[in-house]
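Trainee: Sequence:
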Amino acid sequence: NYCKFKKEKNREKTVLYLPTYGAVSSLKNDLDAFRALKREGKYKVIIKLHHGTTHLASKSINSAQIKEVFDDILDEKTPIENILAKADVVVSDNSGSLFEAIYAGVPVCSISAIKTNNHYNGLYPLQDSLRKSRIIPYRKTVTNISSLIKETLSKETIEKQMRFRREQFPLARDELLDSFTKVIDYYLQKNITEGDKRRIQLRSILDRCREEQVNALRQEIDVLSKEVIVLNQKLKEYDIKFKLVNAKLS
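First residue of the sequence shown? That's 1 in this note's numbering, and the numbers climb one at a time after it.
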């Protein structure tokens, strides 16, 4: 349910900050920029903390500072669709919420000083290409978030993101789930043409992952088999001892 709530006229716009957690989170680096944005008085600034930050936050994340900077602080107890419905613009870093915002029809931008190196066999995260093509406005660092928000709310950016949304999310929920399972089955059945390089790469990854899982299971079975042999040997020894004790008693 990503239905947008009706907006009150002349109210301040709501900026929703959705940082990821850990080493690729922008939270620690961007607090000053959000503090400056709040001082402008043009926006209501809300943060939804990643559950990894909520439960595994390091001492370097100062909760008092977060409370000082943001008008509202939410955690995993608040469904993301509820706050996306109220947001005018989303700011994120390397989080998957970039795509949730686009799916919900909320303009989104990205701030991240940390370049994502999460790739496998030449396959890079989709957000990297979206940032390079300016579909998602991007800054490595920012002191003036207002200018980034202005670019994100521009007609050109919104049209780009809505075009991407239509291309990537053309189906309703039930149809989408059905199509997703068909695609996975498609890869598993190796119905891939030689000319489709990306699908061949994905097929290779799936095969390798499956092979790694099978090998891991085989290793576990070998370990368990050895343990069973040892246990059986001990049972035989106990059985012999039991019979000897029984014979003495009788």
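Incorrect hints may have been included.
[As the list claims (entries may be wrong)] Computed list of lysine-lysine pairs in DSS-like fashion (alpha-carbon distance at most 27 Å, straight line):
id, residue 1, residue 2
1, LYS77, LYS67
2, LYS182, LYS241
3, LYS226, LYS248
4, LYS150, LYS140
5, LYS44, LYS67
6, LYS77, LYS132
7, LYS42, LYS236
8, LYS28, LYS42
9, LYS42, LYS140
10, LYS28, LYS38
By construction, these hints were calculated from the structure, which means they are not laboratory data. Model, not experiment: these values are computed from the prediction.
Trainee: Each of the hints needs a verdict: does it hold here or not?
Mentor: Against the structure, the hints:
About 17 Å separates the Cα atoms of LYS77 and LYS67, which keeps this hinted pair within 27 Å; it holds. For the suggested pair LYS182 and LYS241, the alpha carbons sit about 60 Å apart, so the restraint of at most 27 Å is broken. For the hint linking LYS226 to LYS248, the alpha-carbon distance of about 34 Å lies beyond 27 Å, and the restraint is violated. Distance check on the hinted pair: LYS150 and LYS140 sit about 17 Å apart at the alpha-carbon level, within 27 Å; holds.
Distance hint between LYS44 and LYS67 is fulfilled; the C-alpha atoms sit about 14 Å from each other, no more than 27 Å. Distance check on the hinted pair: LYS77 and LYS132 sit about 33 Å apart at the alpha-carbon level, beyond 27 Å; violated. Our distance criterion of 27 Å between C-alpha atoms is broken by LYS42 and LYS236, whose separation comes to about 80 Å. For the hint linking LYS28 to LYS42, the alpha-carbon distance of about 23 Å falls within 27 Å, and the restraint holds.
Pair hint LYS42 plus LYS140 holds up; C-alpha atoms about 23 Å apart against a cutoff of 27 Å. At roughly 16 Å between alpha-carbon atoms, LYS28 and LYS38 fall within 27 Å of each other, so this suggested pair holds.
Violated hints, in rising order: 2, 3, 6 and 7; the structure is consistent with all others.
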